[in-house]
Amino acid sequence: MLEQRINLLKQKIVEYAFFIENMIHNSIKGLMNKNRELLEKVINDLEPKANDFEIELDELCTSTIAQFGPKAKNLRSILMIAKMNNDLERIGDQAVNISECGLYLIEKPPVKPLVDIPRMGEEAVKMLSDAIDSFINENITLAESVCERDNIVDNLRDQILRELITFMTSDPVTIERSIHLIKISRNLERIADLSTNICEDVIFMIEGKIIKHRKIKD
Amino acid sequence: MQRRIIKDKLFEIIIIILAMVSTLPLILILFQIVKKGIASINWSFFVNLPQPPGETGGGVSNAILGTFILIVIAGVFSILLGVLGGTFISEYKDKKISELIRLCVNIFQGIPSIVIGIIVYIWIVMPLHRFSALSGGIALGIMMLPLIVKSTEETLRLIPSSLKEASLALGASYTTTMLRVILPAGINGILSGILISVSRVAGETAPLLFTAFGNPFMNFNIFKPVDSLPLLIFNYSMSPYPEWHSIAWGASFVLISFIIILNILTKMVSRKWKTVF
Amino acid sequence: MENGILKILNFYAGYNVKTILTNINLSIPSNKVISIMGPSGCGKTTLIRCINRMHELQPDANFKGRILLNEKNIFETSPILVRRKIGMVFQKPNPFPTMSIYDNVVSGYILNGIKMPRIEKDRIVEETLRKVYLWDEVMDSLHRKGTFLSGGQQQRLCIARAMAMNPEIILLDEPTSALDPKATAKIEELITKIKKSVTVILVTHNTAQAARVSDFTAFLYLGELVEYGSTEKLFTTPKDKRTEEYLTGKFG
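Protein sequences appear in the order of chains X, R and G.
The opening residue of the first sequence carries number 1 in the numbering used here; numbering runs sequentially from there.
The opening residue of the second sequence carries number 219 in the numbering used here; numbering runs sequentially from there.
The opening residue of the third sequence carries number 496 in the numbering used here; numbering runs sequentially from there.
Simulated from the structure, these hints should not be mistaken for lab results.
Every residue, glycine too, gets a C-beta built ideally from N, C-alpha and C.
Accuracy of the hints is not assured; some may be wrong.
What the hints assert, rightly or not - Simulated coverage check for chain G against chain X, where a stretch passes if three residues somewhere in it have a Cβ under 8 Å from a Cβ of chain X: (1) 513 to 519; (2) 681 to 693; (3) 697 to 707.
Stated by the list, open to error - Taking CB as the label site, the calculated pair distances span: (4) G/K688 x X/D158: 40 to 46 Å; (5) G/S692 x X/N33: 39 to 45 Å; (6) R/N324 x G/R561: 47 to 53 Å; (7) G/K688 x X/G208: 30 to 36 Å; (8) G/T514 x R/T393: 45 to 51 Å; (9) X/T141 x G/D635: 46 to 52 Å.
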C-alpha cells in the first residue's frame, strides 16, 4: 500500500520536474528568439499550473506520512520528494524571473551578442535534467557529478558579470539592459544551485548520508 | 542445603505412599471380585436363566437384559430432557428461572436414591398397581437427569459466544445455530456426561427395590417387573444358598466390567471428539 | 456521497436507559473501505452491530432511527436477509470448530439450508479462498478442521466465510486485534484488495490501521460522530478539535 503510494509520488515529482524543465527551456528560447508570446505563456500560464502542481504534491506527501507512518528509506524518499517539490517550485519562479527580464530585453537592441547566457542556460538545464535522472535511476555517481558541475555555472556567471561591468562603465546607456542580463545570469545560477540541492537530497535518500555544506571530495 | 533436599525427597515419598494406599481398597475390591467372580463366568452364565436353589449352572441373562432395558428407558426419559434443560440454563444464564433450575438440579443430586425409589413407587407403581420396568427406568432416569443437565450446561458454557454470533451473523436462525453449531461443538462433553451418568446409575439398587422389583424370568414387557444386575446381586447375596452366592459374584464381575468399559469409552469419546476452539 | 450504498439516518442506540449512540448520520459509498475509529467504549462496535441487526439480539437493547441499505430500511427487512447481505467478521477468529475448512467456507449456505450441487460448492470454495489469498495455503487440507490453521489463516477463513455469501457489505470488528504484526499486515492488504467486490466497514481502535487501509474514516467519540471524511483529509487536516486531539494522542 505504502509502496504504491511512493511510486505514485515518484511518478508525480518526475512529471513536475519535466514540466519545470520545459518552463526554463521556454523562457530561454523566448529570450533568444525574441518570442514575446512564449515568455508571456511562461508567466501567465505555466507558472500558475506549476503552483497547483506543487500544492497537489505537497498534500500527497503530507497525507502519505500521516496515513502510513513511513520508516527508513520510505521516509527519506517522501521527505526528499517534499523538498524536491519545494526546489522545483523555486526553479519555476526563476524561470518566471528570466521571462520577465526577457520581456524587457527583447524590445531593446542587444548590448552584446548573447553567447554566455544560452551556454549557462544549457548547463543549468542539463544539471536539472541530470538531477532528475539521478533521482529516477537512484544514480549516486550522476548526482555527485551534478554537484561538481555547480562551479562551471558559477564561473560563467562571474564571467558575464565582469564583461557587463566593462560595458556599463564605457557606456552608461547600457546599464539598465546589463542589469537585466546580470539578473538572468543570477537566476540561472540559482537554478544550478537548486539542482545541486536536489542531487544532495537524492544522495541522502539513497544512502542516508548528509553531504550538504561539505565538499564532495572529503 | 543437603537437609532441604532430603526433606523434599522424604515428603515426596510419603505422598506417593499415601496415594498408593488410597487406591489400595479399589485394587483389593477388584481383585476380590475378579477372583471370586471369574469362576462362575461361562457361556451359559450369559444366556441362561437362574436355576432354583440347589441346582448348579444357570445364568443371569434376565438381569443383563433387564439392566439394558432399564438403562434404555432411563436414557429415553432423561437424555432429551437433560440436554434441553442444560441448554436452556446455559443460554439464559441470568434469568431467575435458570437460577431456580440450577438450584433444583443441585438439590436433586443430593436426594438419596432410596427416596427417589419411594417417590416413583408412589407416583407410578401405585397408580398402575404393579411393579414395572417402566417405573424402574424412570427412577434411574430421574437420577441421571441432574448429571446430564449439569454436564451439558458446563460443556456449553465453555463454548465461546462468538461462535453463536458467527452463525447468527451468517443469517442462520436461532434453532439452526443451536442444532448445527453449538450442540455439535459440545458433543463430546454432552456424550461423556451421558455415559458417566449411565455408569453411575447402572449399579444402583435402592431405587429399583420398589419399582423394577426383580423378576427371575425373561421379560421384554416394560409394564412388567424386570430384574437387573444390582438387584440380582442384592437378592442372591442375601440368600442362604452358596450356589447363589457364586452367581452373585459372577454378576458383580459383569457389572464392574460393564462400568469400567463405560468409563474407558467416556475417556475415548472425550478425546476423540474433542473440539478445539 | 449522496448516493451511498448504506445510509445511517438520525440513528440512536443503547441498552436500557443508557444511550450509546446519539444522532449518527453516515453515508457509506460502495466499494470503498470505511473505517470507524475512536477510543474504546465510544460505540464503534455497537454501531456496526446495528448495521447487521446483531445489536437487537442482546437483552435490553434498543435503537431509534433508520439505516438504509440500497434505499431500503433494514429494520423493515427480515434480519436473516439483512445478515446475508451484510457479513461480519469478529475480533477473535472463530471458524466453526466442528466443520472442515471447506464446510466453513460454505457454512453460510449450509446453515441457511441452501442446497446446491457439489460442483457449484467446489467453485465457491475455491473462488472465495482465492479472494482471501488462502487457497494456496490450504488447498491440500480442505477437509481438515479449520481450527488447525494459524490465527491469521483462521481470520482469513472467517473473512472467506463471510465473503462466500456474496454480501454487499462486510463488517470487520477489529479483525486484527488478536493477531501478530505479520498476520495483521496480510489482513490489511487483503482488506484493500477485497474492496473491489464488496464494501468494507472496518472498526478499529488503531488509528494507524485506519489511516493505512481506508478510503474514508469516521471518528466516533462518546457515541457521537465527530468527523467523517476522506482518510487523507481527516488525518492531515481534521476539522474538529477533538479529532485533532485524538490523533495527536491527547486522549483516547
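Check each numbered hint against the structure and report the violated ones by number, ascending. Checked against the structure, the hints that fail are numbers 1, 4, 5, 8, while the rest are satisfied.
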